[in-house]
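**Q** Chains as they are written, first to last, in the numbering used here: chain V, 77 to 301; chain D, 283 to 367; chain W, 283 to 367; chain H, 295 to 1031.
If you're looking for bench data, these hints aren't it; they were derived computationally from the structure. Remember, predicted model here, so these are calculated numbers, not experimental data. For glycine and all other residues, C-beta sits at the position ideal for the given N, C-alpha and C. Possibly wrong hints are sitting among the right ones.
A few chain W residues facing chain D, derived, Cβ under 10 angstroms [unchecked claim]:
| no. | residue |
| --- | --- |
| 1 | Thr291 |
| 2 | Gly301 |
| 3 | Thr305 |
| 4 | Val316 |
| 5 | Glu326 |
| 6 | Ser328 |
| 7 | Phe360 |
| 8 | Val361 |
Capping the alpha-carbon separation at 25 angstroms, the derived lysine-lysine pairs in PhoX-like fashion look like this [as the list claims (entries may be wrong)]:
| no. | chain 1 | residue 1 | chain 2 | residue 2 |
| --- | --- | --- | --- | --- |
| 9 | V | Lys156 | V | Lys182 |
| 10 | V | Lys182 | D | Lys287 |
| 11 | W | Lys293 | D | Lys287 |
| 12 | D | Lys294 | W | Lys293 |
| 13 | V | Lys228 | D | Lys337 |
| 14 | V | Lys149 | V | Lys182 |
| 15 | H | Lys750 | V | Lys102 |
| 16 | W | Lys294 | D | Lys293 |
| 17 | V | Lys182 | H | Lys750 |
| 18 | W | Lys294 | W | Lys323 |
| 19 | W | Lys287 | V | Lys182 |
| 20 | W | Lys293 | D | Lys293 |
| 21 | H | Lys860 | H | Lys803 |
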Amino acid sequence: MKFAVIVFPGSNCDKVLYYAIKDGVKADVEMVDFRNDSLAGFDAVLIPGGFSYGDYLRSGAIAGHAPIIPAIKEMANAGKPVLGICNGFQILTEIGLLDGALIRNKNNRFICETVPLKVENDQTIFTSEYQQGETIMIPVAHGEGNYYCDDKTLARLKANHQIVFTYEDDINGSVDNIAGITNEKKNVLGMMPHPERALEELVGSADGLRMFQSVLKNHMDRVNQ
Amino acid sequence: MTLVKVYVTYKKSILDPQGEAITNAIHGMGFQDVNEVRMGKYFEISVDESSNTLKEDIEKICDNLLANPNMETYRYEFVDSEAVQ
Amino acid sequence: MTLVKVYVTYKKSILDPQGEAITNAIHGMGFQDVNEVRMGKYFEISVDESSNTLKEDIEKICDNLLANPNMETYRYEFVDSEAVQ
Amino acid sequence: MTEPTATMIDQEKLYKSWGLSEAEFKIISEDILHRLPNYTEAGLFSVMWSEHCSYKNSKNVLRKFPNKGKRVLAGPGEDAGIIDIDDNQAVVFKAESHNHPSAVEPYQGPATGVGGIIRDIFSMGATPVAMLNSLKFGNLDNHHTKYLANEIVAGIGGYGNCIGIPTVGGEISFQKRYENNPVVNAMCVGLINNSDIKYGQASGEDNLIIYVGAKTGRDGIHGATFASDEFTDENKTQRSAVQVGDPFMEKLLMDACIELVQKHSEWIMGIQDMGAAGLVSSTAEMASKAESGLVLELDQVPQRETEMSAYEIMLSESQERMVLCVKPEYKEKIIEFFENAGLDAVVIGRVTTDKQYKIYQHGELVTDIPVAGLVDDAPEYVHEGTMPERLTKDDYKHQFEPQINSLTETWLQLLKQPNIASKEYFYRTYDSQIKANTVVKPGSDAATIRVRGTNKALSMTNDGNSKLVYVDPYIGGQNAVIEGSANLIASGAEPLGITDCLNYGNPEKAEIFWEFNKSVEGMASVCEKLELPVISGNVSLYNEFNEEAIYPSPMIGMVGLVKDLKDVITQGFKRVGDAIYLVGQTNDDFNGSEIQAMQAGDVKGELNPIDLEDIKHTQANILKAIRAGVVNSCHDLSEGGLAVALAEAAFENELGFDVTTELSAVATFSETPGRFLVSVSEQDRHAFEEYFENNLQYLGNVTQRATLKLTTNDFTAELTMSEALNTWKEAIPCLMK
Ligand SMILES: Nc1ncnc2c1ncn2[C@@H]1O[C@H](COP(=O)(O)OP(=O)(O)O)[C@@H](O)[C@H]1O
Ligand SMILES: [Mg+2]
């Protein structure tokens, strides 16, 4: 299985995400520059955290116009796994692959902390190695992670089980404490917390590893069928 | 040369934490009469030559880049108005 | 209730990295006619009652909080203008 | 705008308003140039000979610091110092102050300070891996201080978070003297392979000078500005001292420079960032180091504004710019390399052999001066200091006596003091975990970052209790170094070396100079004793508001090496049943203490002399014990003494304790330096005690019960965990409301 880590100018969690795949789950991975317009040959797309284009204007807004974006949309439409973490999540909402928007944290301050998350749906390709209802410890680091969507959208997300992770405590004002959602087909996941920073107890938690293992395992299962 | 001024604000239903922080700071300064502050963005766009499609272009730029329709609204005005017709 | 609109912009000589990034993005979208974008802040301040000192108060708030006179300039306008004299 | 002529500058003594003295002007015109300098030249001299660039008032004092050592690869004089950490790797670090800009623009000031210190690190070829900061604010009892604190912290976080370097530690303290003159010091730590080290030099005839990064604007041209009558009013309002940081641009610049050094080292001779005094300072220093000359063509310099004068271009402090000296045959490759990274790179000059610094603008030679005159010939001043009057008062010998009616109450009250209370409210806004290398996050004695791909880690800390320096500059200075070292030792690291930021008032005042000089002597004495070289640093003088100086505020930034990840340790108790020890003797040390500040409303009185031999011995043994694996937690005692250290050790994992001491209640707040609070597994007690002969006291145990119980020879206090923790955690958020 081959992963692409998209690198936008200003991405700053790209290398750690790369290590998560290469050393964490020992799969094939390549960094892909934002100027490319094709993702041929890749089985999954990872959009890292950071401050693409400085997050000037609005987080994720400018990245939404990069040459690589149509290729990412194609992958999503083809049902391949697309995972956006933090700034990646913001970009996915900006380009319309995920619903809603991420606005400034309720208290107007950046927050960096390792927080408990609840796994709300273990039936996705991203979460099958977790248990429904399980609490995992994953770091967050964001100033604009307050998930917003209107009531109709929220009802749809719920009905369709698209809410995958929630915060156990209200850390940023997100609607229903939402920390991560998928698209309807559940092959695109956006989340504010950083699983790639939680691969080893040495740095505080290893709970993020199973997310990447899930993606890998589900792919292999499908291939072997 | 035409100058276009664009104002982007959060929709009413959206929480504006920056505005709130500013309101608190203003109260802290002793101005209790201030009720609410909402913060938005303001752009001055200078356009080289006025094409026929200037109005359309600006709307495209606003819709696709300067404002996020999920949470923001915008309005704009031309300062050098004879340039657009 | 009076609504005050405040516009804060960087002085000309000050670097505006946001404006630059936006300009580049607009060019990337194919609008080459756009020359320059400067980004500023926009505030809508609603004031409860109109005191005699409203104008002064707003200027104090702008000078001390909303704008840094070392690098920014501001202008403001009252929307409900009969409220101020 | 017309520039004044050379004669006008001379006759009307215009140079005086730019900070040059008559004597200095005479040296320039008579000894160096043998003619009068023109406008641009006079401007260049005034800025290069300013305290900020030449250290003319402080050099003589700074020489007291040791800067050599077995592991030192580069010391003061470079953008940052470098210390070997084995395996052909080295650590690079430096700190810088941005006090004045932060007072003027509390968001952009610290942001650009962070940007500047990061450039100092990657301009050596190193990869920045961590940041720290030392902040000193007024008391949180007024709107202005809260505003400053919020903005300054946001500015630091805004830059660091965006560029993607974890901010892992620092210190924050509060005292009225900083109300209008906050202290903002930022430190950056980088890693490098020894073979990649680059120096800022411009050598080799006809090698090219390349400018990379942001365009030059009229930013920050103020240090040595001309009298205002030269500018029209319109000009003045558009002219600004404030620089805006662009962390996005800096990220591109940083990544490109590091990649260039790692992959194409052979293309470049030297690399240097543009910091204070921008283009002139960076290029003149590069030429000076290589003993060469330079020709610069200003028309080639990318400019953000029109009609900039040579003076303005040379002195601009626009951020996010670098200068490279490259071999001509690689010119195209380098420009293409940067273009691909989204950056503009242009050739602005070349290296010559005549040792002259020549600048052309619009085809005219506007500057022609010897490089050495500009960089090396600034005069050095040796000031006479006078002991401040406050230190000569009779009652100064007197030791403060704290009053305690209830140990519980005093204890809680102290935990609530902003200087002692948790700083999480602030540091939680810094991304401390980015890059996933942070093994010990903010909240313990020192932060620890693993060195990826090895079994090593680096610990780092910022320290400088300025209350102690204020009451007793020499011993207070000693204390700053001891505390830095203790914080590293308590984290399982072997201290490697020091960077500093020396923040003081106006050195032309004899009393201020005395404080500066004495405190440096104090610091230096400990550096010698503990064999800690000072490899880089920064001096910030003239920190005054309405003639009132800040406390003398040296900040010690220290980095230590953890040789084995298994030695990483934090301050918090780990396991119920562990034995708790106090290592070191406790004396009556209340002058300058937090309890004195709290109870007397002010600090005063001389400090007791410190036995450095004893400090060294104790620290060495703590490290040995940690490496032997018999220590579960270790915390050095600082502000608030034993009582506060116990509470802090309990908070980390919310484990209680039951402690009994021979000391009096008052003594549990004494701040005698050189002490540690250690917890040890029951089975390791004997092994642990062996390291300390009689220099330790068994205090009790870590308990299951969520209570903090402290029994002294005269009082007993018992706090519930929730009450103590809330008091300590909520104090600052509450004040910031
Ligand atoms: N400005 C800051 N930035 C990041 N961390 C900070 C800052 N100020 C304090 N901290 C962290 O808070 C903890 C307590 O700080 P401090 O009381 O100064 O410790 P110590 O007394 O051991 O030097 C440390 O881990 C320190 O790194
Ligand atoms: Mg400590």
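**Q** Each hint: holds or not?
**A** Status of each hint after checking the structure:
1. Taken as an interface hint, Thr291/W checks out: its beta carbon lies about 7 angstroms from the nearest beta carbon of chain D, inside 10 angstroms.
2. Interface restraint check for Gly301/W: the shortest CB-CB distance to chain D comes to about 8 angstroms, inside 10 angstroms, so the restraint holds.
3. Because the smallest distance between the Cβ of Thr305/W and any Cβ of chain D comes to about 9 angstroms, under 10 angstroms, the interface hint for this residue holds.
4. Taking 10 angstroms as the C-beta cut-off, the interface hint given for Val316/W holds, the closest approach to chain D being about 6 angstroms.
5. Annotation: Glu326/W was flagged as interfacial toward chain D, and the flag holds, the nearest CB pair being 5 angstroms apart, inside 10 angstroms.
6. The criterion of a C-beta within 10 angstroms of any C-beta in chain D is met by Ser328/W, whose closest approach is roughly 5 angstroms, and the hint holds.
7. The restraint placing Phe360/W at the interface with chain D is violated, with a minimum CB-CB distance near 14 angstroms, outside the 10 angstroms limit.
8. Given hint, Val361/W at the interface with chain D, is violated; its Cβ is 13 angstroms from that chain's nearest Cβ, farther than 10 angstroms.
9. Under the criterion of a C-alpha separation no larger than 25 angstroms, the hint pairing Lys156/V with Lys182/V is inconsistent with the structure, at around 34 angstroms.
10. Of the supplied pair hints, the one linking Lys182/V and Lys287/D is violated, its CA atoms being roughly 29 angstroms apart against a limit of 25 angstroms.
11. As the CA atoms of Lys293/W and Lys287/D are separated by approximately 16 angstroms, the hinted pair is consistent with the 25 angstroms bound.
12. A threshold of 25 angstroms between alpha carbons decides the hint, and for Lys294/D with Lys293/W the separation of about 30 angstroms lies outside it, so the pair is violated.
13. Of the pairs offered as hints, the one joining Lys228/V and Lys337/D is violated, with about 32 angstroms between alpha carbons and a cut-off of 25 angstroms exceeded.
14. Of the supplied pair hints, the one linking Lys149/V and Lys182/V is violated, its CA atoms being roughly 30 angstroms apart against a limit of 25 angstroms.
15. Between Lys750/H and Lys102/V, the direct Cα distance comes to roughly 23 angstroms. Compliance with the 25 angstroms bound is thereby established for this hinted pair.
16. Of the pairs offered as hints, the one joining Lys294/W and Lys293/D is violated, with about 30 angstroms between alpha carbons and a cut-off of 25 angstroms exceeded.
17. Straight-line distance between C-alpha atoms of Lys182/V and Lys750/H comes to about 39 angstroms, which puts the hinted pair past the 25 angstroms bound.
18. Simply put, Lys294/W and Lys323/W have alpha-carbon atoms about 15 angstroms apart, close enough for the 25 angstroms limit, and the pair holds.
19. This hinted pair checks out: Lys287/W and Lys182/V have alpha carbons roughly 24 angstroms apart, not beyond 25 angstroms.
20. The suggested pairing of Lys293/W with Lys293/D is violated, with an alpha-carbon distance near 29 angstroms, which exceeds 25 angstroms.
21. At roughly 50 angstroms between alpha-carbon atoms, Lys860/H and Lys803/H are farther apart than 25 angstroms, so this suggested pair is violated.
Of the hints listed earlier, those the structure fails to meet are numbers 7, 8, 9, 10, 12, 13, 14, 16, 17, 20, 21, in rising order.
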